[in-house]
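Protein chains in written order, with the working numbering: chain Z, 1 to 470; chain S, 471 to 681.
The calculated BS3-like cross-link candidates involving lysine-lysine, where the alpha carbons are at most 25 angstroms apart (straight line), are:
id : chain 1 : residue 1 : chain 2 : residue 2
1  : Z       : LYS4      : S       : LYS673
2  : Z       : LYS162    : S       : LYS665
3  : Z       : LYS163    : S       : LYS665
No lab work stands behind these hints: they were computed from the structure.
Remember, predicted model here, so these are calculated numbers, not experimental data.
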Amino acid sequence: MPGKTLYDKLWDDHVVYTDEDGSALIYIDRQLVHEVTSPQAFEGLRLAGRQPWRRSRNLAVADHNVPTTDRDKGIADPISRLQVETLDQNCTEFGITEFNMTDIRQGIVHVVGPEQGATLPGMTVVCGDSHTSTHGASGALAFGIGTSEVEHVLATQCLVQKKAKNLLIKVEGQVGPGVTAKDIVLAIIGKIGTAGGNGYTIEFAGSAIRALSMEGRMTVCNMAIEAGARAGLIGVDEITIDYYRDRPFAPKGSDWFMAERLWRLLHSDADAVFDKVVELDATQIKPQVTWGTSPELVVPVDASVPDPSLETDPVKKESMLRALQYMDLKAGQAITGIYLDKIFIGSCTNSRIEDLRAAAEVAKGKKIAANIKLAMVVPGSGLVKQQAEAEGLDKVFIEAGFEWRDPGCSMCLAMNADKLDPGERCASTSNRNFEGRQGYGGRTHLVSPAMAAAAAIAGHFVDVSKLSGN
Amino acid sequence: MKPFTRLTALVAPLDRANVDTDAIIPKQFLKSIRRSGFGPFLFDEWRYLDRGEPEMDCTHRPINPDFVLNKPEYQGVEILLTRENFGCGSSREHAPWALEDFGFRAIIATSFADIFYNNCFKNGLLPIVLDSAIVDDLFHEQGKGYQLTIDLETQTITTPSANTISFEIDSARKYRLLNGLDDIALTLLHADSIKAYEVERAKRAPWLFAD
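Just need the whole structure built from these sequences, with the hints factored in.
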């Protein structure tokens, strides 16, 4: 019998029951809850007279609607406020732990989970949020679900699932200076496309992935969903174990040693069989910039905007033409010649301490360009913010002309007051460049934190790998 | 949940690939704490010429006459025909809620994003995957505003030219959709198995059951 993939192991470990047709009841170890996708789930429980199966396995935090300024004044928008208050009330009513807006631990659900050790290797993790794939960086099986499934997990601690196929993405070699986890994952999406991972769980492997910190690995797994895969995984190694030791929700004492022994088995066997394998050469990856309205429309920073007339697939050609029109770009235009209006450093993709350090490194001692109307840094959690301030990063940003904000999802999806105005162009460290994502008519270019900071200083895209210091 | 058995209805062609859930229902409408009322805001940025906000009265908004769902021949549509990777991006179930609330009962595409596909079945919406050549044929089917008959029991689609197209669907999902069954009640039939799993798992991973 061939060996098992990491995904096979995680799946087998959580099957409660398998139906004749192969659909299985899977046990869920941790559910993260936020205010946007949970109100109707709690309402469903109430209407059916049901209680949570195990309330302690749920952890809630408001992140999408929270303001990033003047937090002590509360939420100005009454509809946003109602949604956050509804989460507070539901958590109180159903006895679920919540980090509310004034808690130092509050932040983006996918930053908070690992930071607290609330999501751990070997777990199944779900949340009504597609970027739940982030938690797979620890060797957990983590994926986004809809609100009906949020209710299902609350009521049963289980989900009905069909097993996905195994896709291995191997990135071998050492990346060059200025090339980050974000560039690796954007290059992967550029290669396989946004539907490339549909029906698969992706395992990211290879020396370039192994060389990443846990935070970098989270950035890669975070965007597995942008490659079409619900879940992205990375096998456990010393870096994983070291990251989770002493986290508040992590096992303690003898439990820790038992957990550590089990977690070290969480990697694909040498003879495991994957349904598909994709390989990338890390040495060839350059800093990436998306030019279109889908994350797969991405090129290296030293390239030009592609020409749709060279595309043979009529559906793709049409998408490219639409994207060029929406983004107000021309085929053949140099990426470094694209000027920006706003800069957003934040989101569950890139708002951890290492992201902020990388951006601060570029911004240190410099000023944002005159054409930049707003450059904002939004830490992923209250604890990330606290750490950054202890390191003096806030001062670096403020002196360079950036705004230093309170934690939340912010302008990644613009559900709070932070948004682009129609026609504005933004260099953003977030994960989606869809039409209107960051504000009605707004234009988004996805980049790494260092690339976003460099664009803020220059006013247009620049190749960070060519900046002095690299 | 409304059961889905057999449907004869008008088809609207949305000839785009990678239609994301932000396009299906933009983020400002996700602030609602209700499950209904999203239909008027379906494809908001494509359907209207102004910027939509929650609780707006959409009957007086300027519509985009070029958008397919605004054309007279597609009024009363219940089947959406589209291209690959429909429903990609955010996991928001508001997307199938909006489609269902608008009046859609089935979506035919070359492929769907996984989370969206799954969410459809929770809301009585039937997502049908067909080969790209067949989808192409349906886009080119004679005459604007034609009807298709979808029979879930026999897993077939009948075209105006009386062609029959078969489609695949997972048997458990088919059963639940045909009968409009509540997933949670079905899962709770296995409550003893869940408890037994927890007892066994707690021996292997006691830290998960410490609280």
